[in-house]
Structures are given as C-alpha cells and as structure tokens.
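Trainee: Listed below are the residues making up each chain.
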Amino acid sequence: MGIFSDDRANELRALFFESAQEILQALNDDALRLEKAPRDPEIVRDLRRSVHTLKGDAAACGYTDLSTLAHAMEDVLAPAVAERDPDGVVELVLIAADAFDNLLTAYRNHTDPPSTAPLYEKIARLRNPVPVPAFTPEFSWSAAELEEMREAASAKPVWQIALGIDSVCAMPAAALQLAHNVLASTGALLAIHPGATKPGAPETIVAALATEAPLEDLARKLKIPAVIANVHLTAFDPAALVELPVAEAAPQVPSTPAPEAPASVPAANSSQTEHRARDERMAPSENMLRVETERVDTVLDLVGELIIAKSMMHEAVAEMARHLAPGPLRTRATDTLTLQSQILHKLQRAVMKIRMVPVEQMFRRLPRVARDTARAVGHEVNVVIEGGNTDLDKSILDALAEPMMHLLRNAIDHGIEPPEERQRLGKPTEGTIRLDAYHQGNQVVIEISDDGRGIDTARVIQSAIDRGILRPDQAAHLPDEDALDLIFQAGLSTAAKITAISGRGVGMDVVKAVMDRLKGTINVRTTPGQGTTFRLKVPLTLAIIKALLFRINERLYAVPLASVVEILRAQEEEVHLVDNQEVLQVREQFVPLIRLRRIHPGGERRSKIFVIVVNVGDHLWGLVVDRLIGEQELVIKALDEHTINTEIVSGASILGDGRVVLVLGVAEIVEKLGRGQFTSSLRKAEGVQK
Amino acid sequence: MGKLQQIVGFRVGQENFGVPISLVHEIVPMMEITAVPDAPQYIEGVVNLRGKIIPVMDLRKRFAEAAVPARRNRIMVAELDGHMVGLVVDAANEVLKIDPEAIEPPPNVFEKGEVNYVTGVGKLSGKLIILIDLARVMQRGELRRISEVAASAGALPPAV
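Residue numbers (the numbering used here), protein chains in the order written: chain A, 126 to 815; chain B, 56 to 215.
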C-alpha cells in the first residue's frame with residue numbers, strides 16, 4: 126500500500142467494503158437465479174465477473190486471503206463446470222459469499238481472518254469432478270504426498286484411486302490390508318488413506334499409485350468381490366493443483382465421502398446472512414453519491430429547526446398584522462412568508478427523500494434466507510416479491526430487516542407444510558412466500574404471507590394457558606383475532622417441534638417490540654389450511670409527523686395523526702358504564718374510553734367532551750380530551766429517556782411560540798391506561814346484548 | 056494551599072450546593088416548564104432551551120426532602136456525557152474558588168446500599184457548600200439524606 130498515503134488507503138478500503146457488500150449481494154442473487162435456471166451460462170459468467178471484480182479490489186487493498194480465494198473461485202465459475210454440477214456451483218457460490226463476508230468482517234474489525242480451507246476443498250472438488258455419480262470420493266493430499274506424487278508423475282502415470290468398501294464385507298478392517306496388498310503389488314504405492322495403523326473400519330480407501338499397468342487391468346484387479354464394491358480411478362494431473370493450497374489446508378481425506386450434512390450448513394448461513402444484513406449498504410448505480418447517514422441527518426435536523434423558526438415567524442407576522450393596518454408592507458410580509466413556507470415544505474420533502482430507500486434493499490436479502498431455511502427444514506418455497514420500489518426511511522427499513530427475517534423463517538418452518546403433506550392436500554409441493562410493500566397515507570405497509578397451514582388458534586390458546594399467560598376463563602370467550610395476538614407475547618411458541626430455525630418462543634415478542642419502537646403496528650390474519658399474512662405498518666419517517674393537538678386540563682398534547690381514526694364530540698350522558706368500563710357507542714360499536722385527564726388530574730368537569738378515536742392493534746379506543754386545537758406538522762425530538770423515563774410520552778416538539786408539546790404514544794397509553802387486551806370480548810358481548 | 060477548585064455554587068431552599076464549573080453549561084432565568092406525565096416525581100418537566108428540549112429536575116424532590124417555600128428563580132443547565140439537565144435553583148452564585156484543603160470528605164451518613172451522591176462538603180467564609188456528584192444525581196433511583204449531610208457537616212469543627 127506504500128504508494129498511497131494512509132488517508133488515501135483508508136478511503137480506498139472504506140470504498141472497497143461498500144462495493145464488496147454489493148458484490149456479495151449480487152453473488153447471492155445470482156446464485157439463487159442459477160438455482161432456478163441451472164446451467165445458464167450467462168448467470169455463470171455474471172458470477173465470474175463479480176468474483177473477478179472482488180479479486181481485483183481486494184488485491185488493491187492488500188487483502189490477500191480474499192483475493193486468493195476469489196482467484197480460486199474464478200476457475201470453477203465456468204459454464205462447463207456448471208453444466209457438469211449445477212448444484213455444486215450454486216452451493217459453492219453461496220458458501221463462498223458467506224466466507225467472503227466473514228473475511229470482510231474480520232478485515233473491518235482488524236481481527237484474524239477465519240479459515241477458508243473448507244472452501245478450497247469444495248473448489249478442488251468442483252474442479253476435479255469424479256464422473257461416477259453413485260460414488261464420489263474426494264482426493265486431497267498432504268504437501269509431502271503431493272510432492273511425491275508430482276515427482277513420480279514425471280516418470281510414470283500416477284493414479285488417484287478410491288475404493289469403496291462393500292457394505293456386505295464382513296471384515297472391513299481386513300479389506301484395507303487386502304487393498305494395500307493389491308496396490309503394492311501393482312505399482313509404487315505413494316500414499317494411502319486411511320493409514321494401515323489407523324483404528325476402526327474405513328468405508329473408503331483412497332490411494333495414489335504410480336504404475337504403468339493399464340487402467341482396465343488396475344480396475345479389474347482392485348475390484349475384489351465382496352470386499353471392494355466401487356473402484357474409482359482418476360489420472361493425477363501434476364499441474365492441476367499447483368496453485369491451490371489444498372494440501373496444507375486439509376491434509377487428511379475425510380473417512381467418508383458423504384456429502385456434508387445439509388442441515389448444519391444452511392443454518393449457519395442464515396445467521397451470517399443476518400449479520401450481513403446489518404452491513405448492507407445502498408444499491409449500486411453509476412449515478413449515486415455515497416453520503417454518510419449522519420450528514421443527511423444533520424441537514425434534516427436543520428430543516429426541523431427551520432420549520433420551528435417558520436412557525437415563529439408566522440406568529441410574529443400574525444401579531445404584526447394585529448397591530449398594523451392593512452397595507453402593502455403587511456401584504457408583502459404575508460406573501461413572502463407564504464412563499465417561504467412553500468419552499469420550506471419542498472425542502473423538507475427533498476431532504477426526507479434523501480433518507481428514503483426502496484424496500485427492495487431489504488427484500489432482496491430475503492430469498493437467500495428463505496432458501497437456507499427451506500433447505501434446513503426440508504420444505505420447498507418460492508419467494509415472490511412485489512412493491513420493492515416502495516420508498517421508506519432508511520433507519521426504519523434497517524430496523525425492519527431482523528423482524529422480517531424472523532417472520533420469514535417462521536413462515537417457512539411452521540407455515541409451509543412438508544412437500545409430501547402439500548401434495549396430499551392438493552397444494553403445489555412448492556410453497557409460496559409473498560412479500561409486498563405499498564404506501565398507505567403517511568405509512569408504509571409491508572406484508573409477508575405464506576400459503577401454508579395457517580396458525581392453529583386453539584393451540585395458541587392452549588399454549589398461552591399452559592404458560593400462564595392466559596387464564597382458562599379468559600380463554601373461554603376470547604375472540605379469534607385476540608387469540609392470534611397472543612403469539613406476540615413473550616415465551617409463546619406454538620411450534621409442534623422445536624427446531625434450530627425457529628420455534629423457541631423467542632422472536633415474535635421481539636418483532637412486536639421493534640414495531641412498537643418504530644411506532645408501527647403489526648397484525649396477523651390466518652385462514653386454516655390456506656395460509657397466514659403478517660401486515661407490518663410503519664410511518665414513512667420518524668422525524669416529522671402530522672399530529673393532532675389537544676388540551677388536557679389546559680395542558681397541550683399531541684398524538685400522531687396516523688393513529689387517529691376519527692374525532693367525535695359527545696355529551697357526558699352519552700358515556701355508558703359497562704363492566705366498569707366507560708364506553709361510547711360509535712355507530713355499530715362500543716368503543717372503550719380512556720380519560721386522558723387521568724394523567725393530569727383535576728380541573729372542572731365539562732358536560733361536553735371530545736373523543737379522539739384511535740386504532741391500536743386493530744382495536745378502537747376513545748381518548749377523552751378537553752379541547753381540540755387542530756392538526757399540525759411536528760418535528761419530533763426524543764426526550765432524554767435516561768432521565769425522564771416515561772412510557773406514555775413518545776417524544777416532544779416545539780411549537781412556533783416556543784412552547785413544548787408532548788406527543789403521546791397511543792399504544793403505550795392504551796397499554797398503561799386501558800384495560801388490557803381482552804376488551805374486545807367485551808365489545809363483542811355488547812354487540813350480542815344489543 | 057492547593058490549586059483552587061472552581062465551583063458554581065447555588066442555593067435550593069436552605070442548602071447551598073456546588074458543582075464543578077466544567078459541568079455547568081449555563082444559568083438561565085426561569086422559563087415555562089412543561090410537566091411530563093408518568094415521569095419520576097422529581098422531574099419537573101421539560102423546557103425548550105433554544106430549540107433543544109431538556110429535562111428539568113427539582114433537587115429537593117430529588118433528595119426526597121419536604122418542599123419548602125422556594126423562590127425558584129433560575130434554571131442551572133448542566134451537561135454530563137452529552138446529556139443536558141436543568142436544575143431548578145433559588146439562586147445561583149458566581150463562581151466560587153475553594154481550596155481543596157477546605158473540603159471535608161462527605162459525612163458518613165449514607166448507609167450501605169444507598170447512593171452516595173455527595174463528593175464532599177466545602178467551607179467558604181463560614182458557609183457550608185455541599186458538593187454533589189451530578190452523574191449520580193442524574194441516574195435513576197432513589198436518593199436521600201441531604202438534610203442529614205447538612206446537619207452532620209454543620210456539626211463538624213469549622214475548618215481552619
């Protein structure tokens with residue numbers, strides 16, 4: 126790196142880490158494409174190009190481990206290899222993408238890069254395929270053995286020999302001795318695994334033999350009836366393995382040539398994918414400018430201050446207007462202010478747009494997670510993505526990545542049935558996971574649905590009773606939708622069996638917690654036998670919201686307009702008491718009321734009340750306030766949680782006159798001041814009485 | 056005589072307190088405090104300090120002392136680890152310079168398990184100044200015994 130100054134080198138590295146993440150994403154994407162269209166030479170070439178770029182960039186930054194690995198990868202990313210072993214190539218690329226990611230993480234954190242030896246083994250296996258499908262041994266030799274083989278190969282042909290011991294063989298240990306004898310009598314035995322001294326019975330014997338005996342003779346001699354079932358011979362090519370450090374990395378051949386356990390590998394992959402999720406940067410494009418999020422946030426903060434200043438100006442001008450007779454100066458001031466407001470509004474939109482990224486950025490990571498999960502649990506799934514170009518605040522989207530992965534794994538593990546079961550039910554063996562995103566007012570809705578078995582509500586209830594979350598008498602008249610909400614409670618898992626992927630009862634409550642933090646909502650709909658849909662609603666942005674301002678006991682408060690369903694004016698006598706709960710009849714429904722005066726007791730009772738009807742978790746609640754002020758755009762500032770520690774106030778904002786208005790968290794208000802979550806049974810019961 | 060410590064002294068009710076000058080951001084006239092529901096009772100509320108919303112604390116309530124008639128003239132804004140907090144004070148004196156030798160260790164009135172938020176008791180021209188550890192004061196949790204600190208510090212022989 127001597128040619129560059131330290132600053133320049135650091136800059137170069139930062140750039141490399143960003144572009145590398147994009148390449149990794151491309152590798153993942155293309156590998157999944159290749160899995161769908163096996164042997165497509167175009168995709169293989171794309172993969173090769175990506176790896177090639179990675180190799181060059183890594184080399185330029187001095188990351189030799191990565192560039193060497195990429196170099197080795199390049200060789201097997203050829204259409205011919207994909208033609209021969211399409212699955213092998215897909216598997217290799219996916220594992221390599223994870224290995225690259227681990228290397229990058231290590232480089233970034235200045236820790237020791239993890240071993241990439243297993244990958245080299247896989248690469249070697251792909252390079253030197255063994256054409257017998259039923260018996261696919263792998264050869265790898267120690268450096269010393271390789272050296273010996275290379276030396277011998279200059280004089281005589283050297284064969285790599287794999288012998289599969291017949292499963293009917295009564296004495297497999299003796300088989301090794303027999304094979305050893307036969308080999309030694311045929312030529313110069315350069316290496317044999319397992320060694321004769323190794324205890325236990327091998328299933329496979331691999332050996333390297335230098336001999337001039339013809340291939341047919343060799344094969345015939347080695348096929349000892351009832352002892353050796355399979356014979357496999359490959360000519361040793363001294364040039365082939367030269368550049369690969371296979372030998373040092375894996376001096377021993379595994380005792381069985383069995384494919385690696387499929388369950389363990391994808392499970393590990395998915396956790397790495399999660400890890401990658403946090404590092405993911407913006408999508409690649411020629412016309413993109415990379416800017417640190419903090420810089421944008423600074424601009425957004427300033428715009429927020431400007432909006433406050435604008436409100437102050439508004440008040441000042443209004444004040445002036447009261448004192449000044451109408452005239453050209455007054456008109457000019459008002460006009461200028463109007464113009465300024467318009468520009469400010471546009472500026473605010475524009476800055477917020479900078480923070481917006483397409484949902485696609487999060488969605489595109491999910492097919493890989495889906496694939497790994499499906500493999501691990503033996504289900505078949507296809508992921509359909511829609512609405513990927515829906516824009517959402519980057520910080521919100523980032524926060525959604527983990528919950529979405531959790532929901533996805535859950536859907537595949539518990540939702541989608543095993544292929545046999547699906548077939549029996551007359552469903553396509555491949556399950557479908559649908560991801561969708563769309564705008565709805567000032568909110569973004571993200572949906573994830575599966576066409577699996579649906580959630581068994583009865584089991585959810587039973588599980589909740591077993592864990593003491595629900596009392597049996599509560600369960601008796603619990604409406605279905607409330608029962609479903611139970612899955613968001615901590616410690617509740619309805620999985621029939623616990624798997625490594627999901628079903629440990631952690632997760633759904635975490636999903637819920639994230640949604641609460643984002644001031645979003647989550648709800649679930651399920652149809653037995655047809656599938657489940659989770660709908661996540663989040664605000665477009667957290668920084669500026671439209672809010673409804675009101676007074677409680679002369680104090681000013683606001684709630685986000687997004688959670689307001691309607692505003693009602695009512696008389697005190699219209700409020701009824703049912704089961705000790707104040708309710709107000711709103712058309713067909715009884716809406717339970719929460720008197721916000723409880724947070725500021727006192728004040729004289731009024732006969733006329735205002736009710737702000739809000740929607741929390743698909744239930745309506747009426748917040749009783751003294752007086753409505755109106756709607757206003759608020760720049761939300763967080764309260765210092767460290768000191769203030771309040772649950773029901775979610776933020777604060779400064780009004781034009783400098784006053785502070787507190788923004789109440791609607792969900793928290795309902796949780797703290799409402800009567801728990803089972804009130805909708807009450808609503809229903811009321812409906813019946815009516 | 057050691058290096059003089061610079062302390063901002065302030066009065067809340069009967070007691071004189073002091074904090075290192077480096078922690079004091081500014082002292083502003085009393086302004087409208089917006090009460091925050093559901094907050095700890097010693098949090099008076101929040102104020103708008105030139106566009107920043109900061110919490111304001113009542114030290115007497117913080118130390119679980121009974122309310123006394125107070126003038127509450129000023130808000131002293133302190134900054135600690137990037138957290139700003141306002142303290143309602145009756146009066147804030149100018150910067151005091153105290154000889155470290157005139158600072159007594161905190162009287163042993165705190166029981167095991169209690170948070171000792173007093174770093175020492177300074178004496179300046181016959182007045183006792185309770186030096187408090189703002190970091191501990193700003194932490195959550197119960198704090199008590201400020202009057203006992205004052206009482207036992209007062210009982211000590213006056214520093215030379």
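These are calculated hints, taken from the structure and not from any lab test. Keep in mind that a hint or two might mislead.
Unchecked claim - Ranges between beta-carbon positions, derived for each pair:
1) 450/A x 105/B: 30 to 40 Å
2) 691/A x 69/B: 18 to 28 Å
3) 469/A x 69/B: 44 to 54 Å
What the hints assert, rightly or not - Restricting the straight-line Cα-Cα distance to at most 30 Å, the calculated cross-link-like pairs of lysine-lysine (BS3-like) are:
4) 182/B x 58/B
5) 797/A x 116/B
6) 116/B x 178/B
7) 671/A x 107/B
8) 733/A x 637/A
9) 107/B x 471/A
10) 471/A x 671/A
11) 107/B x 435/A
12) 435/A x 519/A
13) 281/A x 180/A
14) 478/A x 152/B
15) 519/A x 107/B
16) 58/B x 797/A
Stated by the list, open to error - Part of the chain A face toward chain B, derived, beta carbon under 10 Å:
17) 599
18) 600
19) 602
20) 606
21) 682
22) 686
23) 705
24) 763
25) 764
26) 768
27) 769
28) 783
29) 793
Just so it is clear, CB atoms sit at the ideal spot from N, CA and C, and this is done for glycine as well.
Trainee: Next step is simple, just say for each hint if it's right about the structure.
Mentor: Hints, one by one, checked against the model:
1. As the Cβ distance of residue 450/A to residue 105/B is approximately 34 Å, the hint placing it in 30 to 40 Å holds.
2. Checked against the given bound of 18 to 28 Å, the beta carbons of residue 691/A and residue 69/B, roughly 54 Å apart, lie outside it.
3. Checked against the hint of 44 to 54 Å, the pair residue 469/A and residue 69/B passes, with Cβ atoms roughly 50 Å apart.
4. With a C-alpha separation of about 20 Å, the suggested pair residue 182/B and residue 58/B falls inside the 30 Å cut-off, and the hint holds.
5. Our distance criterion of 30 Å between C-alpha atoms is met by residue 797/A and residue 116/B, whose separation comes to about 25 Å.
6. The straight-line distance between the Cα atoms of residue 116/B and residue 178/B is roughly 24 Å, inside the 30 Å bound, and the hint therefore holds.
7. Between residue 671/A and residue 107/B the alpha-carbon distance is near 20 Å, which keeps this suggested pair within the 30 Å criterion.
8. The suggested pairing of residue 733/A with residue 637/A is violated, with an alpha-carbon distance near 37 Å, which exceeds 30 Å.
9. Proposed proximity of residue 107/B and residue 471/A is supported: the alpha carbons are some 24 Å apart, at most 30 Å.
10. For the hint pairing residue 471/A with residue 671/A, the CA-to-CA distance comes to about 16 Å; that is within 30 Å, so the pair holds.
11. With a CA separation close to 16 Å, the supplied pair residue 107/B and residue 435/A stays within the 30 Å bound.
12. Proximity of residue 435/A to residue 519/A is assessed by CA-CA distance (about 27 Å); at most 30 Å being required, the pair is judged to hold.
13. Restraint check for residue 281/A and residue 180/A: the C-alpha separation of about 37 Å exceeds 30 Å, so the hint is violated.
14. Pair hint residue 478/A plus residue 152/B does not hold up; C-alpha atoms about 53 Å apart against a cutoff of 30 Å.
15. Using a Cα cut-off of 30 Å, the hinted pair residue 519/A and residue 107/B holds, with the two alpha carbons roughly 24 Å apart.
16. Restraint check for residue 58/B and residue 797/A: the C-alpha separation of about 53 Å exceeds 30 Å, so the hint is violated.
17. With a cut of 10 Å, the hint placing residue 599/A at the interface with chain B is violated, because the nearest CB-to-CB distance is about 27 Å.
18. Of the supplied interface hints, the one on residue 600/A is violated, with its beta-carbon coming no nearer than about 31 Å to a beta-carbon of chain B, more than 10 Å.
19. With a least beta-carbon distance of about 32 Å to chain B, the hint placing residue 602/A at the interface is violated under the 10 Å criterion.
20. The closest approach between the C-beta of residue 606/A and any C-beta of chain B is roughly 29 Å, which is over the 10 Å cut-off, so the hint fails.
21. The restraint placing residue 682/A at the interface with chain B holds, with a minimum CB-CB distance near 9 Å, inside the 10 Å limit.
22. Taking 10 Å as the C-beta contact cut-off toward chain B, the hint placing residue 686/A at the interface is violated, the least distance being around 21 Å.
23. At its closest, the beta carbon of residue 705/A sits 23 Å from a beta carbon of chain B; the interface hint therefore is violated under the 10 Å criterion.
24. Interface hint status for residue 763/A: upheld, as the beta-carbon distance to the closest one in chain B is roughly 9 Å, under 10 Å.
25. Hint on residue 764/A holds. Least Cβ distance to chain B is approximately 7 Å, under the 10 Å limit.
26. Among the interface hints, the one on residue 768/A holds; its C-beta lies about 5 Å from the nearest C-beta in chain B, closer than the 10 Å criterion.
27. The beta carbon of residue 769/A comes within 5 Å of a beta carbon in chain B, closer than 10 Å, and the hint placing it at the interface holds.
28. Nearest Cβ of chain B to the Cβ of residue 783/A: about 5 Å, under the 10 Å cut. The hint holds.
29. Using the Cβ-Cβ criterion of 10 Å, the hint placing residue 793/A at the interface with chain B is satisfied: the shortest such distance is roughly 9 Å.
This entry does not satisfy hints 2, 8, 13, 14, 16, 17, 18, 19, 20, 22 and 23, going by the numbered hints stated previously.
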